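Participant: Produce the complete structure using the sequences and hints provided.
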Amino acid sequence: MSVELLINAIIAGLLLGGFYAAVTVGVSISFGILDIVNIAHPAFIILGSYIAYIVNQTFGVDPILTAILVLPAFYALGAAVYQVYYTSFEKRGQDALRGLAFFFGLLFVTEVMLILVFGVDYRYVQAAYIEYTWHIGFMDLPFRMVIPCVMSLLMVGLLQLYLSRTFTGRAIMAVSQDQLALQLMAADPIKIKRIAFAISIATASVAGALLIIIQPVEPSVGREYIGRVFAICVLGGLQSLPGTVIAAMLLGIVESITATFYGPSWAPAVSFSFLLLTLAFRPAGLLGR
Amino acid sequence: MAEPLLHVDNLGKRFGGFVALDGINLSVQPGERVGLIGPNGSGKSTLVNCMCGTLHNETGSVRFDGHIVDGLAANQRTHRGMARSFQLPRPFHTLSVTENLRIPLLFTAHSRSGRHLTREEAESRCHELAGLVGLAAKASKLPRDLTQVEMRKLELARAMAADPKLLIADEAMAGLSQSEVTDIVDLLIKLNERGVTIILIEHIMRAVMSFSQRLVVLVSGKKIADGVPDQVVNTREVIGAYLGE
Amino acid sequence: MRAFLFYLFSILVGGLFFIFARWLGNDYLFFAGYTVLQFIVLATAWNILGGYCGYVNFGSAAFFAVGAYSSVALHKLGANVDRYFPESLAGLAKAILPLNIPTLIIIGGIMSGLVGLGTGYLTLRLRGAFFAIATLALAVVLQTLIVNWDFVGGSRGAYIIRPADVPIIGSYIQYLFLIMLVLSVIALATARIIEQSRLGYGFATIRDDEIAAEACGVPTLRLKLIATTISGALMGMAGAPFPYYIGYLEPSSAFGLAYAVNSIAMPMIGGTTSWVGPLVGALLLGTLQQVATVTISSAVNLLIVGLLLVGFVIVAPKGIIGLVQDFMRERASDQGQPTWRSRLAIFANMRPGAR
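Residue numbers (the working numbering), protein chains in the order written: chain A, 1 to 289; chain B, 290 to 534; chain C, 535 to 889.
Possibly wrong hints are sitting among the right ones.
Unchecked claim - Distance windows between CB atoms, simulated:
| id | chain 1 | residue 1 | chain 2 | residue 2 | range |
| --- | --- | --- | --- | --- | --- |
| 1 | A | T166 | B | V308 | 25 to 33 Å |
| 2 | B | V517 | A | P242 | 48 to 56 Å |
| 3 | A | A73 | C | S689 | 57 to 65 Å |
| 4 | C | R756 | A | L5 | 46 to 54 Å |
| 5 | A | L116 | C | I780 | 22 to 30 Å |
| 6 | B | E409 | C | F543 | 26 to 34 Å |
| 7 | C | R732 | B | M498 | 36 to 44 Å |
As the list claims (entries may be wrong) - Here are the simulated EDC-like pairs of lysine to aspartate or glutamate, each with C-alpha atoms no more than 20 Å apart in a straight line:
| id | chain 1 | residue 1 | chain 2 | residue 2 |
| --- | --- | --- | --- | --- |
| 8 | B | K430 | C | D742 |
| 9 | B | K430 | C | D743 |
| 10 | C | K852 | A | E90 |
Worth flagging that the hints you see were computed from the coordinates, not collected in a lab.
These numbers were taken from a predicted model, which means no experiment stands behind them.
Where a beta carbon is used, it is the ideal one built from N, C-alpha and C, also for glycine.
Facilitator: Given below as structure tokens:
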């Protein structure tokens with residue numbers, strides 16, 4: 001077991017983990033703050049990947065740029081989905097069963113439609129920096145991982161600022177704790193929740209673009225991410241964005257080391273086992289609540 | 290003095306940084322009628338939740354019927370003889386009124402009495418309970434067809450259905466008319482005469498004063514008074530807590 | 535009396551279909567029928583945990599696959615006795631193996647039941663949402679384990695050769711069909727018995743308000759574990775004959791997404807409050823899918839199922855039997871006398887608000 005291999009595996013894991021934070025932050029908002037189990041989140045991410053792919057194929061536009069341009073559309077989509085969810089389930093006080101089935105249906109329908117339109121072949125994007133790798137001594141930092149990691153941390157950082165500094169942001173944090181107080185502050189809790197959910201789906205647009213930079217994408221890739229996303233979310237302590245980043249990096253490192261030394265076919269099991277173990281033994285997350 | 294039926298010893302409960310209960314000590318003798326009052330948010334329902342096992346207290350302990358019950362789940366405490374109604378009614382919304390009442394019979398009462406009730410016995414007991422709280426006419430209705438007040442009565446009846454040694458009634462009388470309040474107080478007193486220890490949590494002072502043999506006052510998570518009702522309501526701290534100083 | 539009628543009715547219907555299919559002389563009906571019956575078992579099994587208790591299981595495929603792979607593992611053991619057993623046990627092993635299908639079903643059921651119990655024990659203390667996510671995780675973990683387990687073929691898959699002599703009937707697929715028919719009746723009967731028992735009441739309270747249930751003395755954790763175990767076991771039993779049905783089993787088909795979505799969609803579309811719902815959902819959707827697979831494509835038919843699921847969950851949350859119930863309640867209140875409709879409703883336990 002060479003040390004250089006180990007260190008590179010850790011570096012790859014850190015970079016991967018940084019990216020995982022982008023993928024998870026949307027669920028930190030929808031599940032951690034709004035208490036909505038949106039298991040369809042990975043489907044929106046894959047949707048973002050495919051949109052980045054089409055635009056990249058047709059116009060040669062950089063995927064990240066595409067994602068930013070498409071942000072408003074994803075925001076609107078998120079608002080629409082929340083509206084349907086709210087009128088059909090939350091308002092009626094339906095048991096959680098139906099909400100879960102709804103999102104599962106969305107996940108499923110999205111995946112099948114992507115299969116029908118694009119087929120099951122892997123798709124990837126072209127960009128100037130993807131092939132380039134930065135070598136420092138024996139350490140390899142592939143740009144196709146560095147750029148997404150950096151963008152991801154940037155996005156999470158911006159979100160953290162938004163949630164802690166702006167009025168709407170703080171209202172979002174408050175809505176999870178005390179709806180009544182929020183109403184007394186003359187803010188409409190439903191509107192706040194809708195904004196929050198829309199933001200969570202908007203992050204999926206960016207996460208999708210980052211994903212397709214890191215790896216080729218096909219419709220069922222989304223399902224692999226469900227376990228990762230919820231494992232990181234729970235481990236990171238649900239509402240805490242910094243916790244999410246730490247948990248994401250941890251998972252990234254464990255996955256990377258497993259893939260390097262035991263082979264990539266075990267990789268999916270890592271995140272899901274993580275999840276099972278976390279749920280069984282430390283559901284309050286690493287940082288505890 | 291005889292062994293208390295319920296003994297709460299230095300109970301503490303926090304929610305994050307917020308201290309909901311701070312070092313609560315409470316003893317209830319078998320057969321007592323205790324009233325528990327306090328301003329909104331003083332921790333009364335949290336105390337009930339900790340006693341009954343719905344929430345876990347961080348510090349202190351709860352002894353019931355001679356045993357420490359801290360590690361026990363809520364359903365196990367109910368089996369030991371604790372029953373409670375919820376401040377905000379929590380009926381089983383796909384079950385009718387009588388079916389709601391049947392649940393404690395099926396899962397608690399028969400196990401405590403040691404024998405299974407036959408179908409007819411269970412049916413008649415459910416109807417009897419429904420009648421006691423004035424819900425006989427709505428016996429086969431679903432909770433969504435009940436008014437708020439009727440749902441509170443169902444809550445109380447359901448707690449009674451568990452055939453408890455200790456009944457904790459959490460704001461069972463909110464919204465009731467004058468005569469309804471009198472009826473429920475009478476009902477509870479009769480229940481007490483049959484041997485059921487009762488803790489009554491209420492805001493309706495008339496009911497609390499006429500019912501309680503002992504009055505406990507909770508303010509901001511601390512017990513500030515515990516004694517004969519007439520004396521307690523006249524202490525400075527209690528008046529101050531309600532009127533502000 | 536009512537129970538007797540139920541069993542008689544189901545045997546009659548199943549028997550009639552069987553005779554009809556044999557008369558037609560076309561094996562296709564048996565293949566299609568087997569799939570639909572399999573879905574009846576899966577949907578009913580899912581509903582015991584999902585519809586009755588309110589805990590969503592996204593990993594039905596995992597339990598199904600555990601049953602299927604138990605059969606594969608035992609088949610491999612039987613085919614290679616000398617390689618896997620020491621001399622002393624080889625004789626005994628040769629006498630027992632290969633096991634017949636009913637025995638495999640029982641073993642598959644036990645294995646899946648244990649998996650259900652284990653998963654439940656790890657996660658049922660938490661909220662329903664966490665349990666649902668954990669079942670997703672379970673499916674992926676199990677699939678990864680199987681893919682990496684060469685004994686059962688790993689990702690290359692395993693061939694199952696059907697035994698030459700067929701008990702009872704002449705054709706093997708007809709034998710499998712009959713077995714699955716019996717299994718469906720068992721599943722439906724289990725659901726029905728649960729519904730009418732104290733256990734069923736307990737499940738309903740867990741679904742309606744778990745905290746209030748605890749306060750009433752309902753042992754919620756124990757009941758949830760029972761539900762998970764029964765549900766998992768039934769799914770494993772449905773999976774046990776599958777390798778013999780399909781001949782060649784590889785992980786992506788055993789763990790296929792079709793199982794996860796169908797076992798959720800069928801009860802939710804049919805209706806989750808009684809055993810009739812999953813039956814109706816499985817019959818309708820199962821037949822629809824058989825038709826669509828042949829006429830359109832299998833991807834499109836899954837899309838239709840997904841869209842129907844989303845549609846029903848939003849528009850008709852009580853499912854088909856809920857719609858029928860509302861219809862009957864309106865009609866019954868018009869006259870106040872028992873009609874054939876209200877009698878039919880009573881037979882199928884669809885009387886609103888009473889058991």
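Participant: Quick check: which numbered hints come out false for this structure?
Facilitator: Hint 3 is the one this structure does not satisfy, whereas the remaining hints hold.
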